[in-house]
Structures are given as C-alpha cells and as structure tokens.
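J.: Construct all of the structure, not just a fragment, from the sequences and the given hints.
Protein sequence lines correspond, in order, to chains A and B. Note that our numbering numbers the first sequence so that position 64 is 64, with each residue one more than the last. Note that our numbering numbers the second sequence so that position 235 is 235, with each residue one more than the last.
Derived by calculation from the structure, the hints in this document are not laboratory data. A hint or two may mislead.
Mimicking DSS-like on lysine-lysine, the simulated pairs with C-alpha atoms at most 30 Å apart in a straight line are [said to hold, decoys possible]: (1) A:Lys227 <-> A:Lys35; (2) B:Lys196 <-> B:Lys171; (3) B:Lys131 <-> A:Lys92; (4) B:Lys131 <-> A:Lys165; (5) B:Lys74 <-> B:Lys91; (6) B:Lys229 <-> B:Lys185; (7) B:Lys74 <-> A:Lys165; (8) B:Lys240 <-> A:Lys165; (9) A:Lys83 <-> B:Lys91; (10) B:Lys185 <-> B:Lys235; (11) B:Lys171 <-> B:Lys185; (12) B:Lys171 <-> A:Lys165; (13) A:Lys35 <-> B:Lys91.
Computed spacing ranges between beta-carbons, pair by pair [claimed, not checked]: (14) B:Pro37 <-> A:Leu226: 53 to 61 Å; (15) A:Ile80 <-> B:Asn57: 32 to 40 Å; (16) B:Tyr134 <-> A:Gln57: 51 to 59 Å.
Note that the Cβ used here is the ideal one computed from N, Cα and C, for glycine as well.
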Amino acid sequence: MKINLILQQLLNGISLGGVYALMAVGFGLIFNVLKFSNFSHGGVVAICAYFGYFISQHVYPNFIVTLILTAIVGGFIGVIIEKLIFRPIRLKGAPLTLFLVNSITAAMLVQQFFAVMWGDNYYPYPEFIKETAIHIGEFTVSKIYLLMLSISAFVLLILSYILRKTKIGIAIRAASSDIRTPSLMGINIDFVISTAFFFAGILGGVTGYLLGMAFTVDPFIGSMILKGIIAAIIGGMGSLGGGVVAGLLLGVAESLLIAEIGASLTPIVIYASIILLLLIRPEGISGKGYIVKA
Amino acid sequence: MDVLRIEGVSKNFGGVTALVDFFMVQHENEITGIIGPNGAGKTTVFNLINGVYPLDNGRIFFINQDITESPAHKRAEMGISRTFQNIRLFKNLNVLDNMKVACGWKVRYSLWEEMIRLPRPQREEKEIDEKARYFLEYLNLTQYANQRPDNLPYGIQRRLELARTLMAEPKLLLLDEPAAGLNPKEVVSLMEMIKKLQQDYNLTIIIVEHHMELIMKICSLIHVLDFGKKIAVGKPEEIKRNESVLQAYLGDGA
Numbered sequence: 001m002k003i004n005l006i007l008q009q010l011l012n013g014i015s016l017g018g019v020y021a022l023m024a025v026g027f028g029l030i031f032n033v034l035k036f037s038n039f040s041h042g043g044v045v046a047i048c049a050y051f052g053y054f055i056s057q058h059v060y061p062n063f064i065v066t067l068i069l070t071a072i073v074g075g076f077i078g079v080i081i082e083k084l085i086f087r088p089i090r091l092k093g094a095p096l097t098l099f100l101v102n103s104i105t106a107a108m109l110v111q112q113f114f115a116v117m118w119g120d121n122y123y124p125y126p127e128f129i130k131e132t133a134i135h136i137g138e139f140t141v142s143k144i145y146l147l148m149l150s151i152s153a154f155v156l157l158i159l160s161y162i163l164r165k166t167k168i169g170i171a172i173r174a175a176s177s178d179i180r181t182p183s184l185m186g187i188n189i190d191f192v193i194s195t196a197f198f199f200a201g202i203l204g205g206v207t208g209y210l211l212g213m214a215f216t217v218d219p220f221i222g223s224m225i226l227k228g229i230i231a232a233i234i235g236g237m238g239s240l241g242g243g244v245v246a247g248l249l250l251g252v253a254e255s256l257l258i259a260e261i262g263a264s265l266t267p268i269v270i271y272a273s274i275i276l277l278l279l280i281r282p283e284g285i286s287g288k289g290y291i292v293k294a
Numbered sequence: 001m002d003v004l005r006i007e008g009v010s011k012n013f014g015g016v017t018a019l020v021d022f023f024m025v026q027h028e029n030e031i032t033g034i035i036g037p038n039g040a041g042k043t044t045v046f047n048l049i050n051g052v053y054p055l056d057n058g059r060i061f062f063i064n065q066d067i068t069e070s071p072a073h074k075r076a077e078m079g080i081s082r083t084f085q086n087i088r089l090f091k092n093l094n095v096l097d098n099m100k101v102a103c104g105w106k107v108r109y110s111l112w113e114e115m116i117r118l119p120r121p122q123r124e125e126k127e128i129d130e131k132a133r134y135f136l137e138y139l140n141l142t143q144y145a146n147q148r149p150d151n152l153p154y155g156i157q158r159r160l161e162l163a164r165t166l167m168a169e170p171k172l173l174l175l176d177e178p179a180a181g182l183n184p185k186e187v188v189s190l191m192e193m194i195k196k197l198q199q200d201y202n203l204t205i206i207i208v209e210h211h212m213e214l215i216m217k218i219c220s221l222i223h224v225l226d227f228g229k230k231i232a233v234g235k236p237e238e239i240k241r242n243e244s245v246l247q248a249y250l251g252d253g254a
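T.: What follows is the structure, given as structure tokens:
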C-alpha cells in the first residue's frame, strides 16, 4: 500500500471507529448499571436513523438542528424503553436473563417494524455538504468522515464531563459499582437508571443519525450495534474508556484490512482475531478482571 | 423532642423471625446503643428504620412524620444517614466522589439545566465540592481525597463512611458496628470522634455495636435484643447488672 492510501484509510478508520465508540459507550453505560447486554440499543439507533432521515429530508434540511433533535428524541426513546420493558421486571426482581431476552425482543420488534413498513427501499439523507472531499496535496479526506469524527468526539467528551463532574454523573458511576446503596444516601435510583438510559439514548440517536448519513437507512441498520458491542467487550466490560479505545481500534483495523485484503475477507479476519484476543485476555483491553455478579 | 418513634414493629424473613413487636423512642441529641448477641436483629432495626426493606407490622415515625411507607431515598433525604457493618464505599469512585454521592438531592435542578451548563448547577457543583472537602478536612481525611477507597487502611475506610454520612446534613445517624475491625487505639479515637460529631452537629445517634466498652462509655440509653425480642432497656449501669442480659450473653449457667 502507498503511504497516502494508508493514511487515508487510517483517518476513515478512526472516523468509523468514533461511531463504534459511541455505540460501545451507549451499550456500556447500561451494562455498567444494570449488568445486562442491552441489545435494544440497536432499536434506538434504527428508530433514530429513520427519524433523522425523515426530518432532514422532509421537514427541515439543516444538519445541526436535525442532529440535535434526533439526539434528544433518541434520549426519550431510551427512557420510554426503560420504563416500558425494563423497569417493570426490575421492580419484580427478575433475573438478568429476562432483561437480555426483553432487550433482544425489542430490537427485533423495531427491525421487523421497519422492514414491513419501509423495507422495500433505501433512504438517503440529504446532501448537507456539496463538496464531499478536501484535497490536501495528494491526500483526500472525506468531509462526511471528518464530521462524523468530530461529532463523536464532541459527544463523548461531554458525556465524560457529565460522568466525572456532575451530581447525576457521579450517581450513575456509584450505581455502577453498587446499585442498592445509593438510595440510602437519598438518591432516587429509578431516576438515576432513567437518566442512564436517557444518556445512552442520546448516544444511540447520534449514532443512528451518523450511520444514516454516512451510508443509507435500511431496516437492518440497528444490527450495526454489534460492532459497538464487540468494541465494548474488547475494551473490557465496565470500562467506558476501554470501549472508546477498542471502538477506534476496530474501526482502523477494519478500514486497513478492507484496503489490503478486500471487504469480503475482512469480517472473517476481524471476528477470528477478536475470538483469539478474548481467549488470551478474557477481561478485555482495560482488563480489571471484571466479574459480573448476578 | 422525639426524633424517632418505633411502634410495635415486626419483621419475618421466610419462616425466620428477625424482630418481634419492637418499640423504641429516641430523644433528640442523645446517643443510644442497641446491643445483643449475633442474629438478635440489631441490623434489622436499622434496615427497617432507613427502609432497606418493608416491615410486616407496626409503624415508624421520624420527627412526628409517619415514614413507614416512605421509600429509602426519601428517608435519607429527610435526614436519616447510616454507616454499614460491612463497609459500603463505592470502589470505582475516589474518596472525594464518594463524598459527593451523598450530597443530598433536596435541591433539584433539571437535567436540562445541568446539560447546557447553566449557572445554577455550576454554582451548586462548586458548593458540593467545597462541602465534601470541608467534611474530609473535619475528619482528617483530606490527604486521601484522590485515592480509591480500596487502597486505604480499614480504619480510614470506616472514618470515610462516617464523613460521608455528614454530607446529607442528617438529623439522625445510624452507626452499624463502627468499631468492628478497629484496633484498641482506633476505638478510642472513634469514641472521641462520635462524641465530637454529636456535639458539633447536634446529631441524634443510634449505635449497633458488640464493643461493650464503647457502648457503655458513650451511650446514655441501651436497648438489648435477643432473638428478635427486646429483653432490656436502661442506662449503662443498669444494663451491666441486668440478669436477663447476662443470661442472653453468657447462657443459663451464668
């Protein structure tokens, strides 16, 4: 490969990896608090991808406005999903398996719904940017990818600030290590969990919008969340920072491999290496020897 | 004034009776002890007072308000704080953040205000930070502010739990075996600390403890539990001489 091509693929990979990181964190946030794999996050991503398409194409074709709107809608969808399908079983003390089953069912429900309603077509977002690439010498950079990267970074930085500094953020982190004790300190744990779903939903909304914009919207866009879940697992469950790093690495590895060995072989190599990596280091990159307690 | 009134409270776990028809009145600014052999139901009393689980029978009043049905977080908000027999600090948070968790959520600002960084939440954040640092300083914990609680000696962790209870500005403090795992020197400083706390912040304190010296020295009233039943109540000197208390601790041969 020429050095130019490598650099270009590297940048594309980081941009794509940024979106994987968004997914990994949205997924990890809920995993940390409730200790189950929240596949319904893919549902939020899918709904928001369609929602973002709809408002930007048919209502108001402004990039920033529709992105923010989609993010907020994503947040509320997260809260609704929590109240509708997770809170009732949580208050009954249901086992974690049931949370998992509910989350997978919700994701499939969303997917099937869109497949039946709008599955016969691909829906492209409007072209927000006329000139799609920047040329710096021989080096060509896609503006869409640059935009994806900066938005992912921006959203993750804000979330990181909230989790580290604010009252609600500290409460979410406290609940991640012990979900029963915060209420004895005057913290309404139901509110904390709803807020975690709200934040995860916002990330899902941004993810859906960016994916929809970079590719096109189809009913199975939610299943891209799998990459995010893989990033979360490689990063080390329980570590959001690890998920971000793993997301970026996954994106870069994917882009470089596609350029080198082609798009059809890449997934095989990626998935095989992930299994190998987890055999060697089951606790993931950030490896705290994290153990899930039921 | 009565800070706490427990009226005829009972609790069963499956078939096991943890507490039977328990009565207790706690006066303001007093330190009261609850003692009894292992499994006597002492911690159960605490768990019922702060709402860890619902009770089967009876009522609990906090400053003349019926809190029997109130959820745990409301009771904490009203001014009931506690420490735990097995220390329950948040392992993934540093000492300062462990303090901030317990800052009390009485003042509410909306999530929106917080997210778009309006002045009010920023000011409040600063206040919480200052308050947390103040109480760390108060109990000589400042040097540990940025460390994880796991890395600290046991005695320091216990002191941190005590400092954390102050964040919510409680009226009633429940201390569950505060002396457990401490060496004799640490127990002495703990006693001084509890008395100082009580005076500085006008606290009402209930202590569950096995450490007799501590209980006898700082409590003005002692309740004795055995198999979920209250078998005695009185001043330390009375409890020391009480026949049924000696029997419960030493067996029938005593």
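J.: Each hint: holds or not?
T.: Hints versus structure:
For the hint pairing A:Lys227 with A:Lys35, the CA-to-CA distance comes to about 19 Å; that is within 30 Å, so the pair holds. For the hint pairing B:Lys196 with B:Lys171, the CA-to-CA distance comes to about 15 Å; that is within 30 Å, so the pair holds. The hinted pair formed by B:Lys131 and A:Lys92 fails the criterion: a straight-line CA distance of about 37 Å is larger than 30 Å. Proposed proximity of B:Lys131 and A:Lys165 is supported: the alpha carbons are some 15 Å apart, at most 30 Å.
Under the criterion of a C-alpha separation no larger than 30 Å, the hint pairing B:Lys74 with B:Lys91 is consistent with the structure, at around 24 Å. Restraint check: the Cα-Cα separation between B:Lys229 and B:Lys185 comes to about 33 Å, which exceeds 30 Å; the hinted pair is violated. Between B:Lys74 and A:Lys165, the direct Cα distance comes to roughly 24 Å. Compliance with the 30 Å bound is thereby established for this hinted pair. Using a Cα cut-off of 30 Å, the hinted pair B:Lys240 and A:Lys165 is violated, with the two alpha carbons roughly 50 Å apart.
Restraint check for A:Lys83 and B:Lys91: the C-alpha separation of about 28 Å stays at or below 30 Å, so the hint holds. With a CA separation close to 25 Å, the supplied pair B:Lys185 and B:Lys235 stays within the 30 Å bound. A threshold of 30 Å between alpha carbons decides the hint, and for B:Lys171 with B:Lys185 the separation of about 28 Å falls inside it, so the pair holds. A hinted pair counts as satisfied when its Cα atoms are at most 30 Å apart, and B:Lys171 with A:Lys165 qualifies at roughly 27 Å.
The hinted pair formed by A:Lys35 and B:Lys91 meets the criterion: a straight-line CA distance of about 16 Å does not exceed 30 Å. For B:Pro37 and A:Leu226, the hinted distance range of 53 to 61 Å is satisfied, since their beta carbons lie about 56 Å from each other. Remark: the range hint 32 to 40 Å for A:Ile80 to B:Asn57 is upheld by a beta-carbon distance near 39 Å. Look at B:Tyr134 against A:Gln57: about 55 Å separates their beta carbons, and that is inside 51 to 59 Å.
Hint compliance for this structure: hints 3, 6, 8 are broken, all remaining hints hold.
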